[in-house]
Amino acid sequence: RKEVEQDPGPFNVPEGATVAFNCTYSNSASQSFFWYRQDCRKEPKLLMSVYSSGNEDGRFTAQLNRASQYISLLIRDSKLSDSATYLCVVNYYTGNQFYFGTGTSLTVIP
Amino acid sequence: DGGITQSPKYLFRKEGQNVTLSCEQNLNHDAMYWYRQDPGQGLRLIYYSQIVNDFQKGDIAEGYSVSREKKESFPLTVTSAQKNPTAFYLCASTHRGGGADEQFFGPGTRLTVL
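Read top to bottom, the protein sequences are chains A and B.
The opening position of the first sequence corresponds to residue 1 in the working numbering, with each subsequent residue numbered one higher.
The opening position of the second sequence corresponds to residue 1001 in the working numbering, with each subsequent residue numbered one higher.
The set of hints was computed from the structure by calculation and includes no laboratory data.
Possibly wrong hints are sitting among the right ones.
The calculated BS3-like cross-link candidates involving lysine-lysine, where the alpha carbons are at most 30 Å apart (straight line), are [as the list claims (entries may be wrong)]:
#1 K1071/B / K79/A
#2 K1070/B / K1009/B
#3 K1057/B / K2/A
#4 K45/A / K1057/B
#5 K1057/B / K1071/B
#6 K79/A / K1057/B
#7 K1009/B / K1057/B
Let the sequences and hints guide you as you build the complete structure.
Structural data, given as structure tokens:
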């Protein structure tokens, strides 16, 4: 079983739509959670960390559900510039390894 | 500006040749990582290092070697023993061990074996 699993998509949504991605992780000992954005042929860049109480940054909201071992990312009012691959990342303090999902592809259509 | 640099951006090599990918950071980060990304796949960990002169194998270390002689440098050698080395290689760093800190990535090196 993979450490981190994501629906690869693709998600094709019109501008202005709200879209949500989910990610599940297998190890209950996971301690830190992140969403990264990766543009085509570029390196991943941090979009936001995910905190236990949930957190929001503008149009982006991240939630963590430890009981069910999943994290989510909600994008409101989608922009063309949101088109990218979104990577779910979890980290275990022990060993300090980061585990990446395969990414969810989003295309926002005019 | 602080950051991570990787060179070269594109690299071509012939089968049977070893090649070394450079990764340098001036963020004063303790931990450094090498990942490989294949089309349509997630990042897979090759090696990581939490302190100078120490490193650990990741999930796919076979055919690769690293060194960590300086805090700011973590070069990766792709040896001829790596059977399918064509991929996008990403170097990353974090401030310290413990897991709470995000990873910062370099721009990557695209290696093509001819």
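Status of the hints after comparison with the structure:
Taken as a hint, the K1071/B and K79/A pair is broken in the structure, with Cα atoms around 40 Å apart against an allowance of 30 Å. Proposed proximity of K1070/B and K1009/B is supported: the alpha carbons are some 22 Å apart, at most 30 Å. With a C-alpha separation of about 18 Å, the suggested pair K1057/B and K2/A falls inside the 30 Å cut-off, and the hint holds. A hinted pair counts as satisfied when its Cα atoms are at most 30 Å apart, and K45/A with K1057/B qualifies at roughly 24 Å.
Taken as a hint, the K1057/B and K1071/B pair is honoured in the structure, with Cα atoms around 18 Å apart against an allowance of 30 Å. With a CA separation close to 40 Å, the supplied pair K79/A and K1057/B exceeds the 30 Å bound. A hinted pair counts as satisfied when its Cα atoms are at most 30 Å apart, and K1009/B with K1057/B qualifies at roughly 24 Å.
Figure legend: structure checked against the earlier numbered hints; hints not met, in rising order: 1 and 6.
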